[in-house]
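Take a look at the letters that make up each chain.
Number of protein chains: 4
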Amino acid sequence: MRIAVLTSGGDAPGMNAAVRAVVRKGIFNNCEIFGIREGFRGILADDIIPLQLGSVADVIQRGGTFLRTARCDEFKTSAGMDKAIANLQRREIEAVIVIGGDGSIRGANALNERGVIAVGIPGTIDNDIPATEVTIGFDTAVNTASNAIDKIRDTATSHQRTFIVELMGRRSGAIALAAGLAAGAESILVPELPFDLDEVCRRLEVSHRRGKLHSIILVAEGVASAYEVAAELTKRTNQDNRVIVLGHLQRGGSPTASDRILASRMASVAVDLVLAGKGGRLVVVQNGRYTDVDISSAMVQPAVFDEEAFKLAKILSI
Amino acid sequence: MRIAVLTSGGDAPGMNAAVRAVVRKGIFNNCEIFGIREGFRGILADDIIPLQLGSVADVIQRGGTFLRTARCDEFKTSAGMDKAIANLQRREIEAVIVIGGDGSIRGANALNERGVIAVGIPGTIDNDIPATEVTIGFDTAVNTASNAIDKIRDTATSHQRTFIVELMGRRSGAIALAAGLAAGAESILVPELPFDLDEVCRRLEVSHRRGKLHSIILVAEGVASAYEVAAELTKRTNQDNRVIVLGHLQRGGSPTASDRILASRMASVAVDLVLAGKGGRLVVVQNGRYTDVDISSAMVQPAVFDEEAFKLAKILSI
Amino acid sequence: MRIAVLTSGGDAPGMNAAVRAVVRKGIFNNCEIFGIREGFRGILADDIIPLQLGSVADVIQRGGTFLRTARCDEFKTSAGMDKAIANLQRREIEAVIVIGGDGSIRGANALNERGVIAVGIPGTIDNDIPATEVTIGFDTAVNTASNAIDKIRDTATSHQRTFIVELMGRRSGAIALAAGLAAGAESILVPELPFDLDEVCRRLEVSHRRGKLHSIILVAEGVASAYEVAAELTKRTNQDNRVIVLGHLQRGGSPTASDRILASRMASVAVDLVLAGKGGRLVVVQNGRYTDVDISSAMVQPAVFDEEAFKLAKILSI
Amino acid sequence: MRIAVLTSGGDAPGMNAAVRAVVRKGIFNNCEIFGIREGFRGILADDIIPLQLGSVADVIQRGGTFLRTARCDEFKTSAGMDKAIANLQRREIEAVIVIGGDGSIRGANALNERGVIAVGIPGTIDNDIPATEVTIGFDTAVNTASNAIDKIRDTATSHQRTFIVELMGRRSGAIALAAGLAAGAESILVPELPFDLDEVCRRLEVSHRRGKLHSIILVAEGVASAYEVAAELTKRTNQDNRVIVLGHLQRGGSPTASDRILASRMASVAVDLVLAGKGGRLVVVQNGRYTDVDISSAMVQPAVFDEEAFKLAKILSI
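Protein chains in written order, with my numbering: chain E, 12 to 329; chain D, 12 to 329; chain R, 12 to 329; chain P, 12 to 329.
A couple of the hints might just be wrong.
The list treats identical chains as one, so a pair stands whether inside a single copy or across any two.
[Stated by the list, open to error] Restricting the straight-line Cα-Cα distance to at most 30 Å, the calculated cross-link-like pairs of lysine-lysine (DSS-like) are: (1) K246 / K223; (2) K322 / K289; (3) K223 / K322; (4) K94 / K223.
These are computed hints drawn from the structure, not numbers from a lab.
Values in this document were obtained by computation on a predicted structure and should not be read as measured data.
Pulled out of the complex, with its shape left as it was, chain E reads as follows (with noise of 0.2 Å):
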């Protein structure tokens, strides 16, 4: 059997990971591998290659993706689908694992409904996508955002300051929550729920009656720029705040053992689907178990936020 692998949308660590595995476990069951560069535009640009298991050494523990990653509006037009269909048979590959955000999977099953066999494995730092508990890259972009909070507590604690610390996660406050559970940030702000900038400014006030005068508090960038909530804060408070936007460092790094792991096993998953010819599946990890559903069914669905981790995190941070 000929597979395709592409990776598409924002990179996320992990994805390398997931892609030795495609090709280790697809050449261990006989199949030929192939690798398509920079997402869907490759599949149009016919920019196709084939990958050995020597492709894939020393790419496990790399950041980013090295069959790298595009946005491609073109694939979305009912051409760009005949042309993808085109190419895709002439090589003959039968089918496709797509490795990316919502979108992406929603092109995967675009492939699927044309004929293709195409699985769709989550891989996107925000843990946004519904279905699966946990996506490939939001481990490492919550442990590079907490190695960045504990690096900022340094200077906050030295200087006593209160930093406003944006975090990303489009819609979803994920990272953030996530982030900020681990840092032990003071308030946490995201997108999932209201917040009231009165009772930040409350919880500071409490703080500094304790005597405990720096103060760390994050934004989901779904929420509003953190430069907007420092000033905004600096307003009520009439106290000196700093801004630090983490931005793409989140996305970069050697991933975690466990975005590799994960990466690897939900691999694995998705070449067995497409052994046993099932399309149109999304790998996930469910209850803590791997398994897949339906992309269509499952992407109708709203991704669900943890409340009760928030509350717990707003309890810690008394």
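Following the hints, complete the assembly by docking chains D, R and P onto the known chain E.
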């Protein structure tokens, strides 16, 4: 309510985060919290200190345990237990939260049988506690081990050498398996499954013929000494190799975000149990959810080894 | 002899290691050591604590400064200085060791002119103190910055994007130059040398023609805001780019081995100077050797920028 | 001009950065650059590849050496040298830049005596090359070792234990001294100075009496096996201890910023020397400046041990 917390057994990264969460959630619930130093020894020695919010400032990111840990054989005697109960009663401490490995959790159960509301939190890098999918410290230890293997691979590749790396885990191969999967080790020897050094040799030969002259072979300490394995491999393959015993390196270091969150959430469940007067319980993760089980029945179960992950590790290291 | 130590100005990783070495070498020489909290403010507020061996246990690896730091405008007034001298005299503190940047070192000199044996240790991540080749915190900041750029490169390569990264350094380009050389940045803009955005654009075009579609451009904060540079580049090249402002991240984190050693050795020289009754001196590294210079004459020299390293960075980024 | 570059001896972090700089600065100067694989063996085996700008993309941050390294006894023979010269001449390679330890540098000199313009760059983690204050890889190895000791200290403190840690360095105690100073080790045993286990025991007892029950004792591999030292200490103090042999961990990992800069700048000097036709030279750092010395005279000098730093380490660990 007066609640005491202690850490016992081998130290594990995240123990401080667990103690911090016990203190903060306890105080949030209007309890008085006490820290017992050096595990059960501290109950007997009445080495018990009050813990305030400020006592656990700036500890969430610290490795080890600031309450320290020690062995205490006296606690296992009937006279020792009497003394422990007397000391706790004199201080009007009604509940004790014990963070540690299997021996420590049994100690919690023994306290519980004597009328103290005692709850266990699984804290050990070995991930060998039955009934829970993960223990505090495991994720950090696996990351430490896999980062170390990444470094060893730099040298292995440069010199085209075989390295035999010994990992911790007592009678469990969990660290070796996870680190091996994460770092792409060529072979993994664990105590849970029979192994065949001839197969290890065959794998070495196959990869040599493919032109890959370096290899990393992981040995869980429960299997054998890495030095013994290395000597035996040299004898069979007539090839040079190098040995590294990671040892206590795996216990230390700042906990990963995942371990800090796990520790905080398990501690939160423990405080809830204690507040509800439910002793003799062990906080666990089952099916990816935080819950609790009866200690007596939990500790007689065998720990589960993930054979599917092991098989995948083999497939991926072809 | 009674010696006090303080940290002042922006915090820098290694300040704790310097304080530790002052305490330990001082006690070794039978001195009594005091810590002044929050820089010169602590002298005025008489916020001064005795430091024993145990006070500096487990601080060598910590970022920030446990003595904290703050601005103090009052100290610069004549009345403030009188009060400072009076406070020190009442406690019979004969000598003060000041760890900080240029303002702090001038403060040490002012104390010295009033009869206190005051010695300066250059502690600032900016490496902008004349007369010394290196300052405490610089090596850590450069490593933090170059590791961050390594992570950014993962994403830049995966997406084939240009990133504009703003680095600290006040009026100095030292961090930008060193981090750029270490991380292989494509262009480095520093305040010490005129720069030409057209040349930056030309370099972008040349590497694009060679097929290298990602680039990292470093901007020292003394040059301009990275956002401004990004906007200007977009205008001239008609290409998208991304901005990251590393900010206070660069101040924090566990000091590198090199910074811990530098801090310990500079502190050792400072204690020797104080014991010999030599005030008004700044501890420096010159020609790779630890020595000391007169503060008044040192601080009027211009800081040196390493133009040869800058030229090399350009050559290596062709 | 056709210039070849090779890495030889034990691998050291930063070797890739040095090769990269040779390639880029060489190409900038219109040279053709070749990479010789696996050290001197590659000259004999004619295992020589052209290196372009793209060949060294994305290697500056990588540990190990992508050109690999190996032992080669044949090169030391007269016949081997004849073959080497013939192979280089046939390819019209006029100059060879050798990155490695003392044996490798002597190999460069041997080539030079046979008419090749051969220049040495000191690349070894051991920092044991006479005439230079620092070698490529030393800073990374010291950071790796001191970070490992930080982790070990977490456990040592939690359990109140003594750890004996064996560090690399062949006949040099440089890594042990620097890591010990950086990590605040309680005792450091180096081959350059006589040591007295009774004094180590006395220090253990003194700190025990002060209530500090944990200790870290570093042993340079040139002194003895850490296991031997541990056994002897147990005999004398009747106290338990733990042994860790860091081993090849110290060779790997991404080079520090300092090592990347050192490697780049030394490589730049090497290319300048070769372009000027000056062979038989070793690139060194003296008095904090990059310069070069005659190999023959340099290699007969003894390496210098920093006794002042050693004394300070003792004072700071009281």
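Checking against the hints above, which ones are violated?
-> Going through the list in order, the structure violates no hint and respects every one.
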